[in-house]
Each structure stands twice: as structure tokens, then as C-alpha cells.
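Novice: These are the residues of each chain, in order.
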Amino acid sequence: MVGTNIKNREAELNVFRRRVIVATIAILVAFLLLASRLIYLQVVKRDQYHTMAEANRISVVPVVPNRGVIYDRNGEVLAANYSAFTLEVTPSKVQHLEKVLDDLATIIDIQPKDRRRFKRLLEESKSFESLPIRNRLTEAEVARFAVNRYRFPGFDIRARLFRNYPFGEVASHAIGYIGRINDADLKKIESDNLSRNYKGTDHIGKLGIEGSYEAELHGTTGSEQVEIDAGGRAIRSLAKSEPVAGNNLRLTLDIKLQQVVEEAFGEFRGALVALDPTNGEVLAFVSKPGFDPNLFVDGIDPVNWDLLNNSEDKPLNNRALRGQYPPGSTIKPFMALAALENGKRTPEYSIVDPGQWMLPGLARPYRDWKKGGHGVVNLHKSIVVSCDTYYYGLGNDLGIDRINAFMTPFGFGSKNGIDIDGELTGLMPSQEWKQKRFKQKWYAGDTIPVAIGQGYWLATPLQLATATAILANGGTQVTPHLLKEVINSKTNEKRGYKPPPQNVLSFKPEHLNLVRRAMVDVMLPGGTAASAGAGAGYSIAGKTGTAQVIAIKQGEKYDARKIDERHRDHALFIGFAPADQPKIALALLVENGGGGGGTASPIAREIFDYYLLGKMPDLAKRKRRDYDLDSSR
Amino acid sequence: MRITAVVERIFDIAARRLDGPLMVVIVVLAAISLAAVYSASGGDSFDRALGQLRNFAVAFIAMWIVANVPPQTLMRIAIPVYIVGLLLLVSVALFGEIRNGARRWLNFGFVTIQPSEIMKLGMPLILAWYFHKKEEGLNWRDYTLAGLILMLPTGLVMRQPDLGTSILVFSAGFFVIFLAGLSWRILISAGVAGVVALPFLWPLLHDYQRERVLTLLDPMKDPLGAGYHIIQSTIAIGSGGVLGKGWLNGSQAQLDFIPERSTDFILAVFGEEFGLVGTLLLLCLYLIVIGRGFMIAMNASTTFSRLLAGALTMSFFTYAFVNIGMVSGILPVVGVPLPLMSYGGTAILSLCLGFGILMSISTHKQLVSS
Chain A
1 MVGTNIKNRE
11 AELNVFRRRV
21 IVATIAILVA
31 FLLLASRLIY
41 LQVVKRDQYH
51 TMAEANRISV
61 VPVVPNRGVI
71 YDRNGEVLAA
81 NYSAFTLEVT
91 PSKVQHLEKV
101 LDDLATIIDI
111 QPKDRRRFKR
121 LLEESKSFES
131 LPIRNRLTEA
141 EVARFAVNRY
151 RFPGFDIRAR
161 LFRNYPFGEV
171 ASHAIGYIGR
181 INDADLKKIE
191 SDNLSRNYKG
201 TDHIGKLGIE
211 GSYEAELHGT
221 TGSEQVEIDA
231 GGRAIRSLAK
241 SEPVAGNNLR
251 LTLDIKLQQV
261 VEEAFGEFRG
271 ALVALDPTNG
281 EVLAFVSKPG
291 FDPNLFVDGI
301 DPVNWDLLNN
311 SEDKPLNNRA
321 LRGQYPPGST
331 IKPFMALAAL
341 ENGKRTPEYS
351 IVDPGQWMLP
361 GLARPYRDWK
371 KGGHGVVNLH
381 KSIVVSCDTY
391 YYGLGNDLGI
401 DRINAFMTPF
411 GFGSKNGIDI
421 DGELTGLMPS
431 QEWKQKRFKQ
441 KWYAGDTIPV
451 AIGQGYWLAT
461 PLQLATATAI
471 LANGGTQVTP
481 HLLKEVINSK
491 TNEKRGYKPP
501 PQNVLSFKPE
511 HLNLVRRAMV
521 DVMLPGGTAA
531 SAGAGAGYSI
541 AGKTGTAQVI
551 AIKQGEKYDA
561 RKIDERHRDH
571 ALFIGFAPAD
581 QPKIALALLV
591 ENGGGGGGTA
601 SPIAREIFDY
611 YLLGKMPDLA
621 KRKRRDYDLD
631 SSR
Chain B
634 MRITAVVERI
644 FDIAARRLDG
654 PLMVVIVVLA
664 AISLAAVYSA
674 SGGDSFDRAL
684 GQLRNFAVAF
694 IAMWIVANVP
704 PQTLMRIAIP
714 VYIVGLLLLV
724 SVALFGEIRN
734 GARRWLNFGF
744 VTIQPSEIMK
754 LGMPLILAWY
764 FHKKEEGLNW
774 RDYTLAGLIL
784 MLPTGLVMRQ
794 PDLGTSILVF
804 SAGFFVIFLA
814 GLSWRILISA
824 GVAGVVALPF
834 LWPLLHDYQR
844 ERVLTLLDPM
854 KDPLGAGYHI
864 IQSTIAIGSG
874 GVLGKGWLNG
884 SQAQLDFIPE
894 RSTDFILAVF
904 GEEFGLVGTL
914 LLLCLYLIVI
924 GRGFMIAMNA
934 STTFSRLLAG
944 ALTMSFFTYA
954 FVNIGMVSGI
964 LPVVGVPLPL
974 MSYGGTAILS
984 LCLGFGILMS
994 ISTHKQLVSS
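Chains as they are written, first to last, in the working numbering: chain A, 1 to 633; chain B, 634 to 1003.
For reference, chain B alone in the conformation it holds in the complex:
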């Protein structure tokens, strides 16, 4: 009896800060990811699947730790995280390592990091903190400053160039501002201005970025070059039909036609082998995550928690939307992984840190409000 009690106690401590519904969906997604990664790596070697399992293990531990950190502490580290992130981005611009024609990495000798990843969380943290502090009576000057906080890192990431990540960093911050209540008038006029500015931004894009957009409009223009990714991934998804070809049976996936098939294009593998049933199930799981995230945000006790939880949830949506849109051929190819599915430690870690924050917010609210 005492042993059971001890076990119960340990379990209680372990699970106290975890959010049940969120945890269940994340674990289901992780399981699907392992199956898909195993299939994408040819179905005859466990190396990649085991690697992905390790990624999830590390990320879950990090998530658990963050979940146990009260939101007040998170608020306190918002400024240091942002400033460190910003400094690192500036160092990237000055001394960054160039890989594949982009300056995105900082080499510290023992470890190479991509500071833009830090900003994915640093941005909503700082802006949520900012609006929390300005709780009373927001005026246009506050929003201008917020805009500056937002645009500085975004601009640095865009210059690397890394369009995909800069969109994600920007949107994470923008969601905070949106949720904080930036007036519709400004939002709409900014939107109109953006559309009007598009033709002027076009020449500022890099050749390869322009090409990606053009490829999206007509992938058959260069079927073996720029259009190859999109064509092969849409063939894979489309040929899966309603029920799919079965796990490990996707010819497009197994015969190497899908590029980046265990990372950015894993949806093509999944869609080919599990069909529409699988892809719609995936959308539903994502919707559950988003719904749960918004519930946590609505029930949060402080402005900081609310804004942060809401913005993280919307970011999660953005990842999913951009990736699925890209792989199914309605958005240009930008390097955004499918959340909780694509192989890759960094992406899963930063997502799980976000979920850790959500869980922290969800489980710490009583303490604050009392």
C-alpha cells in the first residue's frame, strides 16, 4: 500500500503542472510522427525514428521543466531573452556562418545555434510583457514602440535571408499586438497598405524567393528544377486517395521521389500512406491543440499569460497552416516544418517549450488569482 502511495505521490508531482488534454494530443501526434518518420526513412532502419524519439524525449523534459516555472518567472526573463536574442541576431549579421548561401548560424565552437529560433519564443514573451506593463490605456505611441520591438528582429532575420522564420517571428509578435487590441482601423489600413506595397516589395525579394512564388503559380514551368518539390509532393498526397496506400507502401515516399521527406515534406509521406482520412485526422488534432490553447488563454489570470498563451497558440496554427499549405501546393515553398511531425530536434524543442508555457499558464492561475 505504501509503495502505491509513493508512486501516486511521484506521479502527482510529475503530472501536477501538465495539462491533460494538451498532453494527450501531443503524445498522439508524437506517435504519428514516429510512424511517419520511420516510413520516410525507408522503413528498414530505426535510426531516424529513434532519433525522433530522442528529440521528443528531450523536448518533453524541457516542456515539463517550463511547465513547472510560474508565469511570473517567465515574465521576468522576457527582457533578458529578448535582448540576448537580439544581440545574437546582430552577431549573426556580423560574424554568422554562411551555409547554403544564407547567414543564419552562429558557431561557438562547441555548438552551432540559430538565434532566430530563440526569437520565436522571445518575441511573444517580450510583447506580452510589454502590454502587461502598459495595461492601462494603450495609445498609438505604445503601439509604435511595440511595432519597433517587433520589426527589429524580424528585419534582421529577413536579411539573413530566412523568409520563413522571419514570417514566423513576425507573426508571433503580431498576434500579441492583435490580441492586445490594436484597433481594427489600424489593422485594416495596414493590411491595405501591405497589399498596395506588394508590387514594391517584389523587387526586394531574392531571386530564389521570387522563383518560389512563381513556381507556386505554375509548378510545371520547371518540373525537374524549382517545381519538382511541389509536383512530387502533390502527386504523393493526391495519389494517396481517401484511404491511403498503407503504411510503408507509398511509392512516392519509398522510392525517393519526395525531397526532404522526413523533415519539411513529411505531410506528403503521411498523406500518401494514410490518405484523406489521415490528413483530416491530423487537421483535427491540430484544431484540438489550438482550441485547448485558446481555452487556456481565455482562462488565464493575467494579461501577460493571456496574450502569451493566445499568441503561442496562433503561432502553432501558423506553423501548421504554412507547412500544409506549402506541401499541398497553395503556398510558396518556405522552410517551415510541420509542427510535431517533421523530423528535427530544434523545431520540436521550441514547440514543446511553447506548450510548457501554455501548461504553466494553465496550471498556475489559481495561485495568482488567490
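Just chain A, same shape as in the assembly:
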């Protein structure tokens, strides 16, 4: 019994030992397998994995360049950058955003306005983008957030450059603004092959100079090699290639003049473009009302947006470029010149104005603005007193196609090529145009209102200014432009605006002089803008105009008092000064301002006074001015 027991025990022990040996062999094989795997990874594939580890930890981060600064012609800063702290959040990293924002509001001041703007941004952006909630944090707020940061994962404070427009509304339509890059911008950036340069950039010029000179202003994005952790957080900088700041721009605008103009407009809506007639530099570019471009920089909040977008005054509409108005009597000097040049009128030819005019063979009268007419009227007087009857006949004799051919080189009916986007063409009608547009023949009767700047003819204030400048300089086709020069941010090298080739229109000097003389007399006693011209001390050439907003029935008298304010006539004025050596040419329009002589020309006078004499407007005089309800045309 004991024997077998021992024997069994021996046998069992032998089995056990053999099994342990087998297990040992298996274990050794397994460890050899592991060892060879480790050797494979750490010796054979080491270089490959080393590269992968480096690629893992090194990330190239774009370094956004400073945007170029915009100055006016005298070096006043119109758009600049400043650095400030902003609180940003990556929405995809936060779960209950609304609730977290409530918590956040206990340590950082978050206005309903900020929330609304953030909400709008949220809808427009991808959830992994970092979006600003609050800009311009105070130092106390930065400190408070830093202490509480652990409570707000996904939130971060960043130092960012902001765009600031120190003059606010002034010249907003010319300078434009920058805004956050949206899908449309992104597509454009991609199609222009600029994606690389826009890495890390949040903003892009949207309108005005900011938009059209985006390529100059943006600069070249630099890059920084940083070590990052798996969460993408930068740990330290390894190498850096500096960004190149965007170029600075000096504009042709005179911001002081601009301020004078905008103040002169007061509460009126309208537009004004003032040019240097010798070279087309835009001295003032006004569209009233304006808007504060600073609102747009970080995404406008919906309330302000609605205010701007739905306002009856349409502050976002750039009237100077996009307002297409009947030019009214302001085109009479051009019509007169056209008739002289085409031999349809001589300086001596005169009519007796009965106050109305009829197409030969038709009984329908075209009325003059002055009941009873202007008596004996020659070409000179027709401009000075703005006689409609004179031009009805003149237009009829010229015919629409001659009018069109003469006016087109002045810039009517086409874009003038100003260096900001959005320009509209206005409308310079012709027989061909009517056929195309309405599939109708041009009737002789269609020409008659065109001859006094009504009917189909539409012009933008910019076009009127360009045409006036051409008239002022004696026929040189200037291109209006806002850029004076680009100043290289690195080398300070200056590169002036390069105008497209300028043609010179040739007119007989005596014709030109006759028209100009008449325009000077417009500003003198007996002329339609005599009060605006009084006591100037330098000679002004001008022409008033009135554009009908609603058609007045034949035989009915226009009475501004009876008409809704928005349906009153637009007041227009074109002019240049000094008349013999023009330094400034301008066109302006006051929406629903009534007559051009009463409302528009005093504004022009203030501008001439300021620009030529440095005289600030007489505020007391301005206060007395009101809607000009009775003035002459």
C-alpha cells in the first residue's frame, strides 16, 4: 500500500516535471516571440517609428501677419490694429454650452449682445473652430478666468489683434470693414489658391478698401514649429519663420474734409463724391447714412444687424456707387456742350421760352419747371437759369444716339473703374438699349425728358463726379480712385496708384469756356445757386439739379408741402472750384432734399470753403437751413 503510494507519487511527480518542462519550453518560445517583436520594433523599424513620433509631436502653426494700416492722404489713421484679450470657446469640446455660459457669466461680464452675436457665429461656423465670446477682456477678467479655468474646459483666453476704425461712421463706405471669413470667402480663397496664406486668419476684408485691397493688406503668413501634445496644445516653440505684415495703404481721402462733408449733410440722406479733377483722386466719398464698421469686425450681433439692414434709410447701401438716380438738370452743361460740339446749337442761338415745349406735330406739352417760362434764352442763360424748354428742343435736335455717344466717354452708363467693389453702371439710354430691353422702338418723345436728365437716364453720384471732373480738367478721362500709394511694410518703399491709360476728349476751347462761364454764373446773382455762391472770394463753377421721385401729373403743380417726405424730389449739385484752375470737382445728391439750389449747393459751398480756404463751416448758418421746399431748380 505504502509502496504503491510512493510509486504513484513518483509517477505523478514525473508527470508534473515533464509538464513543467513543456511549459518552460512554451514560455521560452513565447518570450522569444516577444523579444523578436521588440527587436523588430526597436531596431529594425526604429527609424520609421522615430519619424512618426517626431511628426506626432511637431506641428506647424501658422503665425498670422499684422494687417496693414490704412491712412488718409495726410497720414491720419483710418484703420489700425490693437492687441487685446479675447475669450474663445471651441463648441465641440463643451457639452452644455448654454449652462456653461451662464456659469461663465458669473466671473466675466457677458452681455446679451455678446450672446446673440455668439449664437449667430455658432450657426455660421464649424463646431471645432474656436469662436470668440467676449472681446477686449479687462485685466481683472483675464485674471478671474485664469483662476477658474479648470471649470471651463474648451474655453481659452487668447491675445488677438483687433481691427479698429477710429473714425467710426466717417468714410465707412469707402474704407469698408473686415469680418470673419465665411463660406463664400473660403471658396474664393481656395479658388485663388491662397488657402495656405490664410491658415490661421479669421478675418478678411469684406467691403470698401478693406475688401478691394485685401491682397495688399493681409500680408504673408509665417509659421512656427511647435511641440504639441496629443490634445494639440502647444508646449514649446522649436523654430519660427516670421510673418510679413501686410502693406500699409495711404488713401487719397482727406478725412477732415470727409468729416466736414458728413457733418454738412446732417440728418439728410444722400451721397457726395469729391475728386481732384487733375488725376481722379477721391478727396471725399460720402454715402449717408453710414454705419459703424467696428460693429462688423467680430461678427455683428443680430439686433444691430437688423437695425442696419432693415432701416428705411438703408445705411448699408453705398449710395455713391450704387445709388442710381435721374441726374436732373446737372447734366445740362454736358447737353449744352454736346449740342455745341455737334453743331446743333451756336452760342448765339436763342429761343423765346413760353414755359412749355411741344414735339412738332404733337399736342402734348413738355413743361418748364418755371411757369410762364424764362423769356429769351440763349445757351449761356439756359444753364444759368436751368431752362428746361431750351433743352427739350436741343435734345430733340440731337437725338438719343448722339446724346449717348457724347455722354458715354464722360463715364455715364458704365462703371468708372473706382478701386472699390460694388459700382453700378447707371443707365445711359440709346435706341439699341430700348430695343433690347423693352423690344420697343425709341420714340422721339423718349428723348425729351432725357435731355433734362430725367426719363430713362440714371446716373450714380460717382458718375456725376467723374463727368464733372472731366469737364473741369478740359477733357481728360480720369479714373476715380481712393488709393494714393501702397507703403511696403518691410522696406517702407512706396508704390503709387497706377491709373489705367487716360484718353483726352477734345472739345473746342470756346465751347468748353462758354459752358464753364455759364456754370460760374450759376453761382452768381441771377443763377440758380446764387445764394450758395455769394461772397466766396474765389470763383465756383456749378450746376444745380432736381430729380423727381414721383411723376407729377401734367398740369398738376409740385408742392413739396403736400408730398410725403420720402417722395420729395432729390436735390443735386455738381461743381468745381476754383473755376479757372480747378482743384476740386464734386457731385452731390441729397435724397428728398427738394431743390438742388437750396439744399445741395450750400453743402458744396462748405466743402469748397474748407478745401480751398481751410475755413470751417459756419454752424449758425447751417442751423437755419431746413428742407428747401420752395427753391428754384
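Check the hints yourself; a few may be wrong.
Computed cross-link-like contacts, EDC-like style, restricted to lysine to aspartate or glutamate with a CA-CA straight-line distance of at most 20 angstroms [what the hints assert, rightly or not]:
1) 206(A) - 47(A)
2) 199(A) - 224(A)
3) 766(B) - 169(A)
4) 615(A) - 263(A)
5) 498(A) - 419(A)
6) 206(A) - 169(A)
7) 256(A) - 76(A)
8) 113(A) - 292(A)
9) 314(A) - 76(A)
10) 508(A) - 419(A)
11) 767(B) - 10(A)
12) 766(B) - 306(A)
13) 767(B) - 12(A)
14) 188(A) - 421(A)
15) 93(A) - 889(B)
Which residues of chain B face chain A? A few of them, derived with a C-beta cut under 7 angstroms, are [stated by the list, open to error]:
16) 812
17) 870
18) 871
19) 885
20) 910
21) 912
22) 914
23) 957
24) 963
Away from chain A, derived, C-beta distances all over 12 angstroms, residues of chain B [to be verified]:
25) 678
26) 695
27) 710
28) 736
29) 771
30) 785
31) 796
32) 825
33) 836
34) 888
35) 916
36) 919
37) 930
38) 958
I should point out that these hints are in silico values taken from the structure, not numbers from a laboratory. Virtual Cβ for every residue (Gly too), placed ideally from N, Cα, C.
Position chain B relative to chain A; hints supplied.
Specialist: Chain B only, in chain A's frame:
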């Protein structure tokens, strides 16, 4: 002189039941673990390293206590441990707490336990006891019963689901049966049957388990999702090269690319910073532990001790193999920590209880045989 004598006496009592060679290797591994955990926690805070030190301290005390328990006592508690463990597993299945989609925990209010951990030791204990009792003439019925004892808890753990632990519980029991002498014929036919059954088992796996296997075959299929762990850990190990990037200098580890870097994936940190030299040293240390374990098993005086010591040693090997295989990308990702290296109190405690048993077996044999 008397003070030295007292100190010597105390030391003698303390060290009497400890196995010298095993103790030395375990302490070395613990030291390496502390260094690796410190590095894995960013190298600027002692919190984790101190936590790991505490884990080792607790585990060493437990090991010392178990080492002082004679194997006969262990044999006596085999059945109660197994039954309690089994009951707890059944309660997990009925009232267990669900975390991360798995029902693995029992919440007693003051403490939450994972009963499957108990089975890692309970399984070899009960089977070693079983074969000890059946010492004479094992027949197929004995093996069938053993199989039942093995499969019941394994099945319960697998259902939780916890594939990793169920493999460990199963293998711990299987090693006992293997060492007890289950005939090769049965072993081989079971192996063949298992391979044949694989395609049929595939549909029974959970989606995430299947995904882990597929990920292993092609980690680049989803480099930021399922494949991320494997890719980042192989990059870490591979980029370490022969000599490593140096302690605290592993970019993968320090920059947060390695997930679970102080627990299951600590080998990636260690391999990146200490290179092939470090990883092979680690394998050698493990081999020494295994060799010493087998020596203790061979020299054990009873069937129970032999089988238990052998199975515990083989389990230790399994932990190491599965973890290193997983982190180096040759085995699917299953939640098995690297023995004596990964941060975590439970794993270290259960390993040290096992070492305590080994030491008890190694130091108590004279008493039994005499």
C-alpha cells in the same frame, strides 16, 4: 550587542517565510515600476508614484502575511474562497453595477469590488485542492468535474463581458489541469476543436471585441479611433530604439499620445524611454520570476502545493505575455495590466498574494515532509 541580537531576531522572523531570489526580483520590478509611473504621470508630480508606492507597500504586507500561512491552511480555505467567489459572480450577474457598458462591479456601499479578481486566485486554489484530493488514479469523470469547476466562473466573467479577465481566470485553472497531467490526446483534440470552433465563436463576440481583433490585423484602418492605442504605443516603443530616449524624455509619453500610459500601456512609456535594453531586461526579470516559481513548484512537497505554485507561475507568465503582446501590437487589446509594472492596487495586490503563496510553499515544505 543585545540590540543587534534583537534586531537580528526580528529580521529573522520577518524574513523567515520570504523567498530571497523572488523577493529581490520583485523589489527591482517595483522600483522600475515607480520610475515608469512617475514618468508616465508627466514627471512633475509625485502623486501617482506615491500612490504606486502605497500599492506596493500594501501588497507586500499582504504577501508577507500569506507567506506566513502554511499551505495546509490555504488548502482549507480553497472551497470557501471558490464558493464565495462564485456567489459574488452570480450576484454581479444579477445586481452588478454597470460601468462603461460592462457589468463587473459589486457595490457594497462602503466598497466596490470586482469579484472576477478573486477568481484569479480562487480558481487555481480550488483545482489544486481538487486534484490533491483525487491524487490516486484520475479518470475522465474527474477531469469533467474539473472542467465544470473551471468553466462556471469563466463563463460568468465572460458574460459580464470581460474577455481579458475571463481568459486569465480560465488559464489559471487550465494550467492546474494541464500540470495535473491531462492526457495529451485530450489536450490536442481540445485544441483542434477550439480552432475549428473559432469561426462559430466569432459571431458570439461583442462588436467591440470583434473590432479589437480586426484592429489588430490592420490598425491603420481607423488610426484615430480603434487603432489609435496600438499605433501610438508601437510608435512609442519603436521610436525608443536600442537605448531609449532617456527617462522622462519620451515625447510620445510626455506629450500625452499614449493612452492609459500609467496603467495597461506602461510598457510603451518604458520602452520609449529605456529602449530595447530596458524591454529585454524586463523580459529577463519576468523569466527569473517564472524560473524561480517553477523551481518552487518542482520542490514542493504536496500535490496541492506543486499544482498551485506551477499554475500561479504560469498565470504570471500569461499576464506578462498578454500585456506585452497587446502593447507591442501582436495581440488584441484586452484590459490586462503589465504585472508589477502597471499602476493599480488590485492587480499588484492579487499578484503579491500569489507570490505570498509561492513563498509559503517554498518555506513550509520542510515542515510537511518531516
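Novice: Could you run down the list of hints and mark each one as holding or not?
Specialist: Going down the list of hints, with the structure as the test:
no.: 1; hint: 206(A) - 47(A); in the structure: violated (48 angstroms)
no.: 2; hint: 199(A) - 224(A); in the structure: holds (12 angstroms)
no.: 3; hint: 766(B) - 169(A); in the structure: violated (99 angstroms)
no.: 4; hint: 615(A) - 263(A); in the structure: holds (14 angstroms)
no.: 5; hint: 498(A) - 419(A); in the structure: holds (11 angstroms)
no.: 6; hint: 206(A) - 169(A); in the structure: holds (16 angstroms)
no.: 7; hint: 256(A) - 76(A); in the structure: holds (9 angstroms)
no.: 8; hint: 113(A) - 292(A); in the structure: holds (16 angstroms)
no.: 9; hint: 314(A) - 76(A); in the structure: violated (28 angstroms)
no.: 10; hint: 508(A) - 419(A); in the structure: violated (32 angstroms)
no.: 11; hint: 767(B) - 10(A); in the structure: holds (16 angstroms)
no.: 12; hint: 766(B) - 306(A); in the structure: violated (90 angstroms)
no.: 13; hint: 767(B) - 12(A); in the structure: holds (12 angstroms)
no.: 14; hint: 188(A) - 421(A); in the structure: holds (15 angstroms)
no.: 15; hint: 93(A) - 889(B); in the structure: holds (18 angstroms)
no.: 16; hint: 812; in the structure: holds (5 angstroms)
no.: 17; hint: 870; in the structure: holds (5 angstroms)
no.: 18; hint: 871; in the structure: holds (3 angstroms)
no.: 19; hint: 885; in the structure: holds (5 angstroms)
no.: 20; hint: 910; in the structure: violated (9 angstroms)
no.: 21; hint: 912; in the structure: holds (5 angstroms)
no.: 22; hint: 914; in the structure: violated (11 angstroms)
no.: 23; hint: 957; in the structure: holds (5 angstroms)
no.: 24; hint: 963; in the structure: holds (6 angstroms)
no.: 25; hint: 678; in the structure: holds (15 angstroms)
no.: 26; hint: 695; in the structure: holds (26 angstroms)
no.: 27; hint: 710; in the structure: holds (23 angstroms)
no.: 28; hint: 736; in the structure: holds (26 angstroms)
no.: 29; hint: 771; in the structure: violated (9 angstroms)
no.: 30; hint: 785; in the structure: holds (24 angstroms)
no.: 31; hint: 796; in the structure: holds (19 angstroms)
no.: 32; hint: 825; in the structure: holds (17 angstroms)
no.: 33; hint: 836; in the structure: holds (29 angstroms)
no.: 34; hint: 888; in the structure: violated (4 angstroms)
no.: 35; hint: 916; in the structure: violated (6 angstroms)
no.: 36; hint: 919; in the structure: violated (8 angstroms)
no.: 37; hint: 930; in the structure: violated (6 angstroms)
no.: 38; hint: 958; in the structure: violated (7 angstroms)
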